[in-house]
Amino acid sequence: TQLLEQSPQFLSIQEGENLTVYCNSSSVFSSLQWYRQEPGEGPVLLVTVVTGGEVKKLKRLTFQFGDARKDSSLHITAAQPGDTGLYLCAGIEAAGNKLTFGGGTRVLVKP
Amino acid sequence: NAGVTQTPKFRVLKTGQSMTLLCAQDMNHEYMYWYRQDPGMGLRLIHYSVGEGTTAKGEVPDGYNVSRLKKQNFLLGLESAAPSQTSVYFCASDTEGTEAFFGQGTRLTVV
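Same order as they appear, the protein sequences are chains A and B.
In terms of our numbering, the numbers along the first sequence are unbroken and rise by one, the last being 125.
In terms of our numbering, the numbers along the second sequence are unbroken and rise by one, the last being 120.
In case anyone wonders, no lab produced these hints; they're calculated from the structure.
Quantities reported herein were computed from a predicted structural model and do not represent experimental measurements.
Only pairs whose alpha carbons sit at most 25 Å apart, straight line, appear in this in silico DSS-like list of lysine-lysine: (1) B:LYS18 x B:LYS80; (2) A:LYS112 x B:LYS80; (3) B:LYS79 x B:LYS18; (4) B:LYS79 x A:LYS112; (5) A:LYS112 x B:LYS66; (6) B:LYS66 x A:LYS84; (7) A:LYS70 x A:LYS112; (8) A:LYS124 x A:LYS73.
Computed from the model, here is a short list of chain A residues facing chain B with C-beta under 7 Å: (9) GLY56; (10) PRO57; (11) LEU59; (12) LEU113; (13) GLY116.
Where is the CB? At the ideal position from N, CA and C, for every residue including glycine.
Next comes chain B alone, as it looks inside the complex (with noise of 0.2 Å):
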């Protein structure tokens, strides 16, 4: 079973530069999220989804946006990349009020 995976794994940006990371999930969950880690720290909100094609603002949602086409994928792009969203991305999926489910994360790092 894949459960949650996100790609790519590690990516390195010059600021400025645009990419977008990919979650895919194979549970038939309603919910998605993208959270960002920063060292030492818990999880942060940025954006979530409760079905397809609808999404929602998290804690930190600024410079970030996101899809919901499909209801396995839900994609994090970020426009023009700044140094302060050097991160560590997650992905989870759940049903409202169930276990959440996450990704290896990816390991962004602008420069």
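This is chain A alone, in the form it adopts within the complex (with noise of 0.2 Å):
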């Protein structure tokens, strides 16, 4: 079982169309980031988060850490082809000091 749990693990969507993806775990974080990454590539770095019940906005990326800092939520509105990719969630937890991931989501926005 892994820390971080993401859903959906896929996603295909139309070009145009809203999607959520969601990262749970039972332990707490002091912090949590949304990664992208690109085939052939490392993650980049999308968002931190840092305060529970934070909402953080990336032009049309909306990200929201749960308020008791146990969960995070990515939301995508109206997607762009160019928004494919696998998005991966991480955290330090609180009582940690280690980067850990979860399993990731992929999305497919079709034209």
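Bring the two chains, given one by one in their own frames, into a single complex with the hints.
Below, the structure written as structure tokens:
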């Protein structure tokens, strides 16, 4: 069982539709990050959330950190083919010091 | 700026052979990590280091060893490669709680 569980594992939608990816855990995190990975490349950071209840927006992407700092969500509005990729959540436990990743959500946006 | 550099980028090993993967970062980061990524999956932590001369086990440490003799370098060793270690290996570095920077990955095949 992974420390961070992402759902769904795979999402295929049409251009213009909205989507939400979830990242859940039973542990409390001091911070949680979302990365996006393209084929053949390493992950690249999208956002870091550190405060329970925090909401951050990055153009059409909205990130939310749960009040209890155990979960997070990524919402994409009006998805575009350029949003296609592997989305990964990662966090540092409140009582730990290592960066742990979820299993990833593969998003495919069809034109 | 080089960032995080991994060598080699590709390698094919025979079962039982040994090899060392090198990770170098020029950002003066304290933390360094080695992950493996299998097809369609997220990143699993193998070993990590919170500073020069220190190492710690991650989620999947068996069959691997690491060393951090210099702050800028983190080496991952496979003493006796097995087909189950076929994977893409990513090195990353960060300062605790901040953005993790990744290398381009090393694609390893064990036959």
